[in-house]
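Listed below, chain by chain, are the residues.
Number of protein chains: 2
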Amino acid sequence: MNAEIIAVGSELLLGQIANTNAQFISSQLSEIGVNVYYHSVIGDNGGRLKKAIEIAESRADLIIFSGGLGPTKDDLTKETLAEHLNVPLVFDENALEVIEQFYKNQGRTITENSRKQALILQGSEVLPNHHGLAPGMMLQKGGRTYILLPGPPKELEPMFQFEAKPKLASLISKGGVILSHVLRFYGIGEAELETRIQHILDAQINPTIAPLASDGEVLLRITAKADSKEHAWNLINEKKKEILDIVGKYNYGVDDDTLASKAVNMLLHHKLTISAAESLTAGLFQSELAEIPGVSGALVGGMVTYTKEAKMKQLGIPKELLDRYGVVSSECAAGMAKKVREKFGTDIGVGLTGAAGPEPHDGEPAGTVWIGIAIGDDVATKKLQLSGLRNTNRIRTVKYTLSYLIRLLEEKGYSKV
Amino acid sequence: MNAEIIAVGSELLLGQIANTNAQFISSQLSEIGVNVYYHSVIGDNGGRLKKAIEIAESRADLIIFSGGLGPTKDDLTKETLAEHLNVPLVFDENALEVIEQFYKNQGRTITENSRKQALILQGSEVLPNHHGLAPGMMLQKGGRTYILLPGPPKELEPMFQFEAKPKLASLISKGGVILSHVLRFYGIGEAELETRIQHILDAQINPTIAPLASDGEVLLRITAKADSKEHAWNLINEKKKEILDIVGKYNYGVDDDTLASKAVNMLLHHKLTISAAESLTAGLFQSELAEIPGVSGALVGGMVTYTKEAKMKQLGIPKELLDRYGVVSSECAAGMAKKVREKFGTDIGVGLTGAAGPEPHDGEPAGTVWIGIAIGDDVATKKLQLSGLRNTNRIRTVKYTLSYLIRLLEEKGYSKV
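These protein sequence lines map, in sequence, to chains A and B. For the first sequence, position 25 matches number 25 in full-length UniProt numbering, and the numbering has no gaps at all. For the second sequence, position 102 matches number 102 in full-length UniProt numbering, and the numbering has no gaps at all.
Any given hint could be a false lead.
Listed below are several chain B residues computed to face chain A (Cβ distance under 10 Å; list not exhaustive) [said to hold, decoys possible]: (1) I5; (2) I17; (3) I25; (4) S30; (5) K154; (6) E157; (7) A213; (8) I292; (9) K311; (10) G345.
Each pair of labels, with its calculated beta carbon distance range [as the list claims (entries may be wrong)]: (11) B:N234 with A:P88: 55 to 63 Å; (12) A:P360 with B:T392: 35 to 43 Å; (13) B:R59 with A:Q101: 38 to 46 Å; (14) A:E54 with B:P211: 32 to 40 Å; (15) A:R108 with B:E79: 56 to 64 Å; (16) A:E411 with B:E192: 52 to 60 Å; (17) B:K382 with A:N35: 50 to 58 Å; (18) B:K382 with A:G142: 56 to 64 Å; (19) B:D256 with A:E83: 38 to 46 Å; (20) A:R115 with B:D255: 41 to 49 Å; (21) A:D377 with B:P318: 29 to 37 Å; (22) A:I200 with B:Q101: 39 to 47 Å.
The hints are simulated quantities; they were obtained by calculation from the structure and are not laboratory data. Positions of the beta carbon are idealized from the N, C-alpha and C atoms, including for glycine.
Assemble the whole structure, with the sequences as input and the hints as a guide.
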């Protein structure tokens, strides 16, 4: 099955937003083995859209539209496709009821334009919209599959993932199942990881294994096709074990895990509290932890000690230590970790100091970073030499710190969760 | 002039990255009045690329390519276009010298593949690459303009903005100039801003005025066409004054300003120091300030007091105050601002507390936020009622705090810089 994704919306052509819908759909399609050969973006213009549909039909058998299902005159994706395919639009009673109820709850009178959102291509399967009013749809016609999705990502993403994708997967596997599972690695480069598991990559048939690098992380997607879910999971788990036997040290999580969610869940599970003292990252480490709901069970708080003076006065790092070793040093990072842990009375203390760039800092070149982590009375430190821009260096420092924290906790006998 | 942007790269079709190059180029083209009607994405495949070029030629007179100029076998944008247009590829001596020097400096032997990056379409103007090895190019042929740009955004963006765009602008204006200037607003919605300046929008001819909303901000782009730079600037400045007379209160900056850069520059200019105590944002406010190089002249540091206990013990907020008003209150935000200012000995103290969500916090619904800002002995507080997801609420809080800080400083007589 070869796919083309057509995004409809003038805001894309004006550069107001990036086409993240096409990215999301593509990455989801790759999980079930569908090849995407084209993305197209068209403005809110019926004539140009019609021509784009003709082009897509000449080169794809799965055509996925995003956008143009809303209530305004500019929204004309389904109208254009209906005309092109010579399929009438009919009201979907469920969708109409949802829209009418929505207006009723708001105490507003329903408009004709709003009703039009409940129109679907006759003969299509409705894809319910749990985050908005316009339903999606999936239509088989002339040997092709057409899928229409609403434009807002918060509506499109769950609709594609949970409604459209399973239907596509069962179409492709003809009754069988396709499952995929992502292994997430940090602290190893893509090239090195591929080299280490080269024999497994070379021998892959089913499951297939696809490496992906993104933002300092490496992901391996394992995709299995089988006659039952159970069988597919068995295939995946066998392959997963083979891989982790070799590079398990760098594996921090699976699927939608993030370094922050993984670290926070470990802390919560083992009832460990944490505080941090940050210099170059200036609060970004703590802020990353705070992205995870429920973190207040683990994160007590911490300090941002941006200046040398703040490190001395607020945190109590001795002036002699800073004068002797500098603020960008193992000693300073260790001192910050210990002091903040004591001050906030937590199980774990983290200290981060370095030269974010673009200028050197306290005699150390841009990109030099020291991480200190105190777990109980033990303090470990680690040096990073980064080569990115100022903010890339700050973000990488936070990611590395999270992966280092997970590794140190494991070494202390705290299991991953 | 009608444009199509063709991005070449299988990583886009696999969903590994979003097509931010097309977004960037589109937004740049809108500044000089070029209409973009299509974006296309094609994999690293010569046959499919050739067909995409044919389609683009049937519907656009400016065709811009991104990607596929690198040294590997997969990079075949210029090879494919050369064959299609029947134009030979020739070595550009300058580009070749840069590549040879690069290898020499690294002590490596140059490969034939690397040399291929210096090949250009005969008769094209070279667009120098100041951030990588592959030059871009611009070719006029058969009444059409073809522009080829490298894929990495850090190479493509400056090359398009500073090399290709001025050439296009002078092509379009036939010797005249097109200039554009962006006014940035915060704290006013797009609809309200448009309503307030409706008479100006309705009457626009030259300069044109285009509103854009993005991430809680509203932007107005003023674009003027004239026979000289000076004349274009005069047109822009007249219109700018008209607009700011009405909605100047919400204007925080221009062009590439950010709320953080604007606030930090004001602090540095007026030699003011700042500290912050953060609860729901957990360091994100301080981290945003720290994105700006040179911030250490203003940001001393601060605290993250995530738990109620940390607010009492570390910051010294009285238990009675928190019991009486709750941690999500004007009193708590004001107390945090005052206490952190005293503790860190800064001119300004910021206190942020609230319920980020998804759960209510201390009896207040998700999205309730209190901002406290102490400038000297004066403390101002402000309530926000946000409706986004947890992290959107945290980011919006930081943006609103920055704009509120700028406004309070102005009211105290500190000029914007």
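Taking the hints in turn, this is what the structure says about them:
{"no.": "1", "hint": "I5", "in the structure": "holds (9 Å)"}
{"no.": "2", "hint": "I17", "in the structure": "holds (7 Å)"}
{"no.": "3", "hint": "I25", "in the structure": "holds (7 Å)"}
{"no.": "4", "hint": "S30", "in the structure": "holds (5 Å)"}
{"no.": "5", "hint": "K154", "in the structure": "holds (9 Å)"}
{"no.": "6", "hint": "E157", "in the structure": "violated (12 Å)"}
{"no.": "7", "hint": "A213", "in the structure": "holds (8 Å)"}
{"no.": "8", "hint": "I292", "in the structure": "holds (9 Å)"}
{"no.": "9", "hint": "K311", "in the structure": "holds (8 Å)"}
{"no.": "10", "hint": "G345", "in the structure": "holds (8 Å)"}
{"no.": "11", "hint": "B:N234 with A:P88: 55 to 63 Å", "in the structure": "holds (57 Å)"}
{"no.": "12", "hint": "A:P360 with B:T392: 35 to 43 Å", "in the structure": "holds (36 Å)"}
{"no.": "13", "hint": "B:R59 with A:Q101: 38 to 46 Å", "in the structure": "holds (43 Å)"}
{"no.": "14", "hint": "A:E54 with B:P211: 32 to 40 Å", "in the structure": "holds (34 Å)"}
{"no.": "15", "hint": "A:R108 with B:E79: 56 to 64 Å", "in the structure": "holds (58 Å)"}
{"no.": "16", "hint": "A:E411 with B:E192: 52 to 60 Å", "in the structure": "holds (56 Å)"}
{"no.": "17", "hint": "B:K382 with A:N35: 50 to 58 Å", "in the structure": "holds (52 Å)"}
{"no.": "18", "hint": "B:K382 with A:G142: 56 to 64 Å", "in the structure": "holds (59 Å)"}
{"no.": "19", "hint": "B:D256 with A:E83: 38 to 46 Å", "in the structure": "holds (44 Å)"}
{"no.": "20", "hint": "A:R115 with B:D255: 41 to 49 Å", "in the structure": "holds (44 Å)"}
{"no.": "21", "hint": "A:D377 with B:P318: 29 to 37 Å", "in the structure": "holds (33 Å)"}
{"no.": "22", "hint": "A:I200 with B:Q101: 39 to 47 Å", "in the structure": "holds (41 Å)"}
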